[in-house]
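Chemist: Given only the sequences and the hints, what does the whole structure look like? Please build it.
2 protein chains.
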Amino acid sequence: MFPKKKENNMESMGALRRTHDCNTLGLDNLNQEVVLMGWVLRRRDHGGVIFIDLRDRYGITQVVFNPEINPDVHEKAHQLRSEWVLAIKGKVEQRPGDMANTKLKTGDIEVLVSELTILNTSKTPPFPLDEISEISDNLRLQYRYLDLRRPEIANNLIMRHKAVQTVRNYLTESDFLEIETPMLTRSTPEGARDYLVPSRVNAGKFYALPQSPQLFKQMLMIAGMERYFQVVKCFRDEDLRADRQPEFTQIDMELSFVGEDDIIGISEGMVKAVFKATRDIDLEPPFRRMKYDEAVARYGTDRPDTRFGLELTDLTETLRGCGFKVFNSIIEKGGVVKAINAKGCGTFSRKDLDDLTNFAGTFGAKGMAWIKIKEGEWQSPITKFFNEDELAAMGKALDAEPGDLILFGADDASTVNQVLAELRLELARRLDLLDENTFDFLWITDFPLVEYDADRKRYSSVHHPFTAPFEEHLDMLESDPGKVKSRAYDLVLNGNEIGGGSIRIHQPDIQARVLKVLGIDEEEAEDKFGFLLNALEFGARPHGGIAFGVDRLLMILTGSSSIRDVIAFPKTQKATCPLTEAPASVARKQLTELHLRPDWKEEKKE
Amino acid sequence: MFPKKKENNMESMGALRRTHDCNTLGLDNLNQEVVLMGWVLRRRDHGGVIFIDLRDRYGITQVVFNPEINPDVHEKAHQLRSEWVLAIKGKVEQRPGDMANTKLKTGDIEVLVSELTILNTSKTPPFPLDEISEISDNLRLQYRYLDLRRPEIANNLIMRHKAVQTVRNYLTESDFLEIETPMLTRSTPEGARDYLVPSRVNAGKFYALPQSPQLFKQMLMIAGMERYFQVVKCFRDEDLRADRQPEFTQIDMELSFVGEDDIIGISEGMVKAVFKATRDIDLEPPFRRMKYDEAVARYGTDRPDTRFGLELTDLTETLRGCGFKVFNSIIEKGGVVKAINAKGCGTFSRKDLDDLTNFAGTFGAKGMAWIKIKEGEWQSPITKFFNEDELAAMGKALDAEPGDLILFGADDASTVNQVLAELRLELARRLDLLDENTFDFLWITDFPLVEYDADRKRYSSVHHPFTAPFEEHLDMLESDPGKVKSRAYDLVLNGNEIGGGSIRIHQPDIQARVLKVLGIDEEEAEDKFGFLLNALEFGARPHGGIAFGVDRLLMILTGSSSIRDVIAFPKTQKATCPLTEAPASVARKQLTELHLRPDWKEEKKE
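Just so you know, the protein sequences line up as chains A and B, in that order.
Under the numbering used here, the first residue of the first sequence is numbered 988, with each subsequent residue one higher.
Under the numbering used here, the first residue of the second sequence is numbered 988, with each subsequent residue one higher.
Since the hints were derived computationally from the structure, they do not count as laboratory data.
To give a feel for the contact side, a few chain A residues facing chain B, derived at Cβ under 8 Å:
| hint | residue |
| --- | --- |
| 1 | Trp1026 |
| 2 | Pro1112 |
| 3 | Arg1136 |
| 4 | Ala1141 |
| 5 | Pro1169 |
| 6 | Met1170 |
| 7 | Tyr1182 |
| 8 | Gly1191 |
| 9 | Gln1494 |
| 10 | Glu1524 |
| 11 | Arg1528 |
| 12 | Glu1568 |
| 13 | Pro1570 |
| 14 | Ala1571 |
| 15 | Leu1583 |
| 16 | Trp1587 |
Computed list of lysine-lysine pairs in BS3-like fashion (alpha-carbon distance at most 27 Å, straight line):
| hint | chain 1 | residue 1 | chain 2 | residue 2 |
| --- | --- | --- | --- | --- |
| 17 | B | Lys1263 | B | Lys1220 |
| 18 | B | Lys1561 | A | Lys1220 |
| 19 | B | Lys1359 | B | Lys1371 |
| 20 | A | Lys1110 | B | Lys1515 |
| 21 | B | Lys1220 | B | Lys1515 |
| 22 | A | Lys1588 | B | Lys1576 |
| 23 | B | Lys1588 | A | Lys1515 |
| 24 | A | Lys1515 | B | Lys1220 |
| 25 | B | Lys1149 | A | Lys1220 |
| 26 | A | Lys1259 | B | Lys1149 |
| 27 | B | Lys1470 | B | Lys1503 |
| 28 | B | Lys1444 | A | Lys1576 |
| 29 | B | Lys1515 | A | Lys1588 |
For each residue, glycine too, the CB sits at the ideal point set by N, CA and C.
Modeler: Here it is, written out as structure tokens:
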């Protein structure tokens, strides 16, 4: 895990010059005089001798203070406490045969100390650093500089560096240029809320922090930069969930004169390189591809976890006109009935089924029908409503065998899909089907261009307004926009969307038509992205791109349960930083300079 | 200049697949069938044949439409105009002997076109793209996507990518980890004005965009990350000058257990690698070092351009009590008299001298005494005030010879130094001493820790409050702070400060003492950087770092006259973006969500 140090990069500290890190010394170094620097991890006193585990970023070495070597140094060593910072000089010796520690890379040796410099002392840390323990997230973030000393978190940052550096080298070798785009920019229509930055010089005007560099990277293609990438911070002022941060990092790229296969091919090569560099795993692209419609039909979602089966079966046509009124009336109103055959789950208890029903309820299910398939009989409160033919047809469609459990969803299509997609994941968790060491990649393609937003009574983009429609669907753009497919693609890994992109529109007339379908009139279009429409008029080249979420990818690579564990200084769910106490109050004068007045109840100053 | 393309990275466009870029084909490719994509740079019709210079990021290839090859394609080619986007298929042929263009890499060949796809048309650009012409900055930024098509600007971005990628690889190999620090953070006391970001969730609270990641990188050292770097955007809401942008990019690094020599050594290696990769120049570190006091004495500034001489000579002691009352009274009041011997400038006209005097005036000089050294006589309005001994002493101190011109500065030390430092540069410009291909590096060390700010009546940091004082000067910290030197260092290149840093304070008690000297009381210290003081208590290791300005460095590397030419989407001096029209107005609802009210005269909506 620890990177190899360059021979010529030793560090000095005053008169002492560090000769090795704490993960290097072994039997090859016997009798050498060395200088180590690091923290006191643990101290043990044994038979008048003091043993210290000295720790740095690289590892741990045992150093020994023996009064027979140097009584003064031994005396001084009595004061040492956890997390004090030391520089020691000493001789490498083999540990007595039975004292070797096979768990440590340096476990065969110890360093007999002849000189000790105490570089700093330390208060007692508020939580132990040498063991994994349950600590509140808030305390961890408040003392992040201590939390980061724990190898499990430190190693995440090391892996993050490796992953991103691998990406940069891969893309550079593939002729990409990393080009920085502005942070202080204009609101781009990504759908989420912008973070705003008031301008002091331009009264009443605001910058927005970018939600993505989308329009700038398109500008760079129009500018002829051919292959652009950037590892870039993006911002969304959304309500935070466990896996969201107000600022996040994206691997963003855009290419000219390309089709889907080019972008997919480069992405696959990049991901393969990252997995090799960070986990020594050999992925074997090309990854599978699946059309959006098929993914939704089979898994209820466009980001299916394909490490396991438990697919959805559509029973709507099988059961149309069936004897079960609940299903029948849903089908007649245009709804659907789908089911999962949970193979071998016929042993689930009544309580299990109640739990699953409640779980389904949190995703909008009004109930959950189920059938246990037993030898010779189907056990369920609902079987009595079906006739033999209907049961047989269902059994056939679901490939039902004794020992199986069938779970039903019946409602409008979107509710059924969501409920069963989540139930499917829940079953996988209960059946322990989510293997952390399986990495199942899947491209989802052929997304719809737009979807109807019933609340706003207009169409909105499934990806974004710059995504190219299928050329052969252009005829339907105005007449039946919901049927138009787009040249978008997402990369899904184990149920997580880790990347997404599209071929963009490069013809100004088509861009104008798409904006119109989205209910954006000319004035609004001109105001919001007039500069893009203008740029498309000046010889824009065909182009497309993709963006990957670094935080999410690293969470999967490191096997972390939260993206906070792969970010050096993450924010809480309330978007605060317990370490620096950001955000903070500012002087009234600063607001005045920004041409703003407060609109909140100010706390009384004491 | 153009990077080598990977063989397997060809791009496709519909049915056509690009086989080569426009800078590749030569006599080795004769009779090959190729597909090129790019823009129409120029079109010439000659004897019924149409010649097009086709351009992409890499270069230019001449493609030929001959009615005898394919009359339909030739007919279609008649419509082609500048900046239209083409894909062409054709055969590589040698140009007729006298038609070869030795200026072009592909000048030996041309491509006889058999198939033409017009990928996009273009309006006529508002300025020509194939020649360097005087265009207003505003127009260039408004149509930045066209401006960037010009090779001189595009090549700057290519070099920028190369430089930064070289830095990343160099530091990665030297065991550094790139670690991202937050953009939404808390105001750090860097002295300049912060850009603020109002928090929606936390009413009345504000994030600040970082002026530098200073405190976070210190936290990372205290966290044991040992060697950190980051290429990172930083922000300052200052009044803009030609060479300043509201957002700028920094190569930021910090190391544990190090002294000045370690950081200087790594910096030198990094700069050497960058110059080799971008300009194929072999620098030869170690670079010279000079103490702050010496630099100010000899050049009047702590960032001297050392490509030429014209050093300052201090005449204060030589002239103390001299016959020239103006000088004498300045010296008696504690001021100084310094002079530059402009070797060989004795031929300057009266107008030249008037211009120089006016120039000096803009930097605060109340006048400018001068002496022309002629054979046998010194020509000047002021020589009559000095006696023979005084003249001789001056002549000796200045090494004055016939043909020289002496320029004097007499005032308080800081004014004299500033005026003469600028005069020195102006002389170098007039004498054409600023060789663009000489790169003269100089480390400035031993800075004062603090300087007295007469306006605020307190001391302020010369670098920043976390810079370590010389250990041997700690005794004077409270009694004579102005005399304390600090462990800071700047790297100066041809008169530009391209990097600066310091060894930091790692002991909490010394940090507290320095803050006190700066007039920061305990409450303010606790409020502003309590978390740093707290962190120093928990086994902080000795550490130090440095930061380099990427924009400035690239400006020098590319020989650009403005940093705007090395930034893809720079802002104007009013901090606006003519392309996107950022900053822009926002909806009142957005302000309300941020708990803010306007404090500006709102324009009436029509």
